[in-house]
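**Q** Sequence:
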Amino acid sequence: MSSPRLASSRTTRLALAGGLVAVLGLGAALYGLGDRSNGGACPLGAATAARLAPLARGEVAALQVDAHPKPAPAITFTGPDGRPKTLADLKGRTVLLNLWATWCAPCKAEMPALDRLQGELGGPDFEVVALNLDTRNPERPPLWMKENGIARLAYYADPGGRALPVLQKTGDVVGLPTTFLIDPAGCEIGVMKGPAEWASEDAVKLVRAALGRG
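Quick note: the sequence shown uses full-length UniProt numbering, first residue 1, plus one each step.
It is possible that part of the hints are untrue.
What the hints assert, rightly or not - Below are the SDA-like pairs computed for lysine to any residue, each with C-alpha atoms no more than 20 Å apart in a straight line:
hint, residue 1, residue 2
1, 193, 58
2, 146, 134
3, 85, 73
4, 70, 43
5, 205, 101
6, 146, 101
7, 146, 136
8, 91, 211
Simulated from the structure, these hints should not be mistaken for laboratory data.
From just these sequences and the hints, can you work out the full model?
**A** Dropping the structure here:
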């Protein structure tokens, strides 16, 4: 039989060990989300964010500009050619990453504006990447785009449903549509949680500023 003192000492050691396991578990969980701290990876992002913050107004007033930009989450999806693609593949250009689905009415409502924005500003240094998140009936989203005259946006998709859980873990995605502004270095400058009029004068001015076009 253990003495009270020995039992107490053993209980203390077990409690400390349990606490250590819990701390290590928490650390592993946080590590599993991916280290998105700046870590010097976004040296130009802060300057871009400072330039854009005053322009987040009017039709794009809900854009949350990050004063300390972080690397965008590492997600994999399908590109227009049907092959796997990542956000890293898009580095070198500013990207407006829009998450949408055909079952999301506000998403579909803002697609024509995103299409016009791509038509006006799209090019080697900028692309609207409208990432479809439908996981059923893969033929439906591109057909919907065609039927509704969405002709300037390339078709990006995540039929396997892999990207959304990763994005949700960051806390930036609580519903659809959600739109990220990502700089050429792959750093997340801001996020819009909800729909916006992306072809408006306010939005065009903001994107032009992100591109350094004044």
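**Q** Out of the numbered hints, which ones does the structure contradict?
**A** 5
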